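Chemist: Next come the chains, spelled out residue by residue.
Number of protein chains: 2
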Amino acid sequence: MKVLFTTLRRRFIGSPLRPPALNSLFNLFCPRKYEAERAWRLSSSSILGPDLPDIWKHPSSAPPTLPSHSTNQGCDDLNPTIINGKIIAEEIRTGIAAEIRQMKDATGKIPGLAVVLVGKRRDSQSYVRHKIKDCEEVGINSFLDELPEDCPQDDVVNAVSNFNKDPSVHGILVQLPLPKHMDEEKVLNTISLEKDVDGFHPLNVGNLAIRGREPLFIPCAAKACIELLLRSGVELVGKNVVVIGRSRVVGLPTSLLLQRHHATVSVVHAHSKDPDRIAREADIVISAAGVPNLVRRNWLKRGAVVIDVGTSPVEDPSSEHGYCLTGDVCYEEAFQLVSAITPVPGGVGPVTVAMLLSNTLDSAKRAFGLS
Amino acid sequence: MKVLFTTLRRRFIGSPLRPPALNSLFNLFCPRKYEAERAWRLSSSSILGPDLPDIWKHPSSAPPTLPSHSTNQGCDDLNPTIINGKIIAEEIRTGIAAEIRQMKDATGKIPGLAVVLVGKRRDSQSYVRHKIKDCEEVGINSFLDELPEDCPQDDVVNAVSNFNKDPSVHGILVQLPLPKHMDEEKVLNTISLEKDVDGFHPLNVGNLAIRGREPLFIPCAAKACIELLLRSGVELVGKNVVVIGRSRVVGLPTSLLLQRHHATVSVVHAHSKDPDRIAREADIVISAAGVPNLVRRNWLKRGAVVIDVGTSPVEDPSSEHGYCLTGDVCYEEAFQLVSAITPVPGGVGPVTVAMLLSNTLDSAKRAFGLS
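As they're listed, the protein sequences go chains A and B. Taking full-length UniProt numbering, I'd label the letters of the first sequence as residues 1 to 371. Taking full-length UniProt numbering, I'd label the letters of the second sequence as residues 1 to 371.
It should be emphasised that the hints constitute simulated quantities derived from the structure, not laboratory data.
Part of the chain B face toward chain A, derived, beta carbon under 7 Å: (1) Leu203; (2) Val205; (3) Gly206; (4) Asn207; (5) Ile210; (6) Val237; (7) Arg248; (8) His261; (9) His262; (10) Thr264; (11) Val265; (12) Ser266; (13) Val267; (14) Lys273.
Pairwise CB distance ranges, derived in the manner of DEER restraints: (15) B:Glu315 / A:Pro177: 56 to 66 Å; (16) B:Gln125 / A:Val237: 36 to 46 Å; (17) A:Lys165 / B:Cys151: 42 to 52 Å; (18) A:Pro53 / B:Thr81: 31 to 41 Å; (19) A:Gly369 / B:Ser61: 53 to 63 Å; (20) A:Asn158 / B:Gly212: 16 to 26 Å; (21) B:Asp316 / A:Ser60: 52 to 62 Å; (22) A:Gly212 / B:Asp166: 22 to 32 Å; (23) B:Arg121 / A:Gly233: 43 to 53 Å; (24) A:Pro177 / B:Gln125: 47 to 57 Å; (25) A:Lys165 / B:Lys186: 25 to 35 Å; (26) B:Glu146 / A:Pro50: 41 to 51 Å; (27) A:Pro167 / B:Arg122: 52 to 62 Å; (28) B:Asp274 / A:Asp105: 45 to 55 Å.
Coverage of chain A stretches by chain B, computed from C-beta distances (three or more under 8 Å per stretch; other residues unrestricted): (29) 212–220; (30) 243–254; (31) 258–265.
Here the structure is a predicted model, which is why all the values come from computation and not from measurement. Even for Gly, the Cβ is constructed at its ideal location relative to N, Cα and C.
Isolated chain A (complex conformation) (with noise of 0.2 Å):
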């Protein structure tokens, strides 16, 4: 009998045919097995951790108050350094156009990128829009497949899957965030490897993790807070850097790829205690939280360094859309303390485009053979 349903059992693993009422019947014949599970598991089923979500808690408009140690930081200017982000990303744009106008002479072919499009968030819009003219202008071919918003989440998945094939696409994009009812993670699993230049693919991130491996491509913002890093000369070694935020698009890639270049990193996030005291050791601070002027001046040393990766639409009933972009670290404040910050706009946002089309051209040349 145990055998019998054993068999049916194993029949049934996987398919959503299977009778749910098997388990039961399985259980009540060989009731001792979940017994003996239940005893010695009790602390490794949740050996992956509870599932807790990220909700900081809203920084108070009130000036902060300084802990005793630190109250003469703050009162003479440092005349920081402003990481011009659009300078950088400039010159990134130049060399990567000057590779594809060779590479065109050399082969006769150009690098594509596709992006997937559902709905009509205006700001998803205007991300494509953006990336679709940095692409035009450095010389990458863009494809762009438009869905409506209520489309069924094959459609998507069949896009993915047609450019997957496409050999003139080095590099598929789909905007974020989806619809509700689709499975972001099932439609970003269908990109192929080879031209995940988001980086997002758990072999990608697994091989950024490991020391010695590298992966066909890094997270588009993780790589350009290093490269904001590097072109501006902070040096990385031995150097305390806290994260703020450990999102699988930031966070988690920039704290792994931090830890290649041999700093010490901390990562903080809604859940940790004292996020604000941790900070304030660090030589430097990389925030991605995505909570407008989360990092205000209690948060950070004097001379440190800031890369702000927030930009959270914050309503300005002044500005041109009726919202500007906020960053997470409070720049007035962040101002007369650091040595060196990134605006919000202007900073890590236009080198993480850049990024994406390097790793674009870094795919078409793996498959032109040219790497």
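Starting from the known structure of chain A, fit chain B onto it as the hints suggest.
Modeler: For chain B alone, coordinates are given in the frame of chain A:
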């Protein structure tokens, strides 16, 4: 001419037969390409960071000087809990054995673990003996393939490939280190993802790093650290945890797993400035540097929890084998200060082996459709 060389280059990509002179010839005909690349890739070429070996400064044997604010620490005994890895491992093995008996009753099959051992290193032989003994004790079939020290790498790869194909094998372990003439990375890459019970495959590491995804296997020592903490009732969410060391085997996966548990994780390594100061802020210190007695009392805050993964053989003429296994943490000094600590030996070690058995059982359950 350019097209000819491009075609030649493409044909030879990835082939060991690619003539090394081809790149220079290509550069001769397309020199501008490489000039442009040099200019804008100044920093991009080093985006993955410099290759620096992890060499820790050996700790001095003199008593450490404590910073002024903590000179009162450690005077009164906290009566710390000694986290007994032997007892916890025994509990886990008992659970595994019960599950395997019931698996056998239900399916007629049992899990199998294959070990590939190259050479005659006494420590490796001893580790393998222990693993095989533990397998027998819980009812896991073990398979051992012993190869001579001077065998070609292909023999090791073939041994792994044979175990990959064998349906009675659910986990494959290549005992490290391999002889110096072999490429460990290449040999480990041969292990099938479904049998990678060590959890070293980059896809498993990537899926461990990304919240919401489940790796097939978590590296045994990382899992052991979390098991020891959870079973000892130590809360992880929001706690400041310092991981000392960043190896692929322990430090890296442990830091990733701790982040899944919503701890605030800092990773210190041989290039960190003030690792003692950083560790002294931690609620939990997990040390996996492999440097005997690296962590002195000035590295620990009063009441911290200490998990010592280090097990270095240190000469000891009074011991039966001429050496004793010594942890990273100076136990006597830590004992006066901490709230809980794992001993060496008898702490992380036995639980790590139990996790190997647990990973093998999980793999067999997946293979038999029971997971």
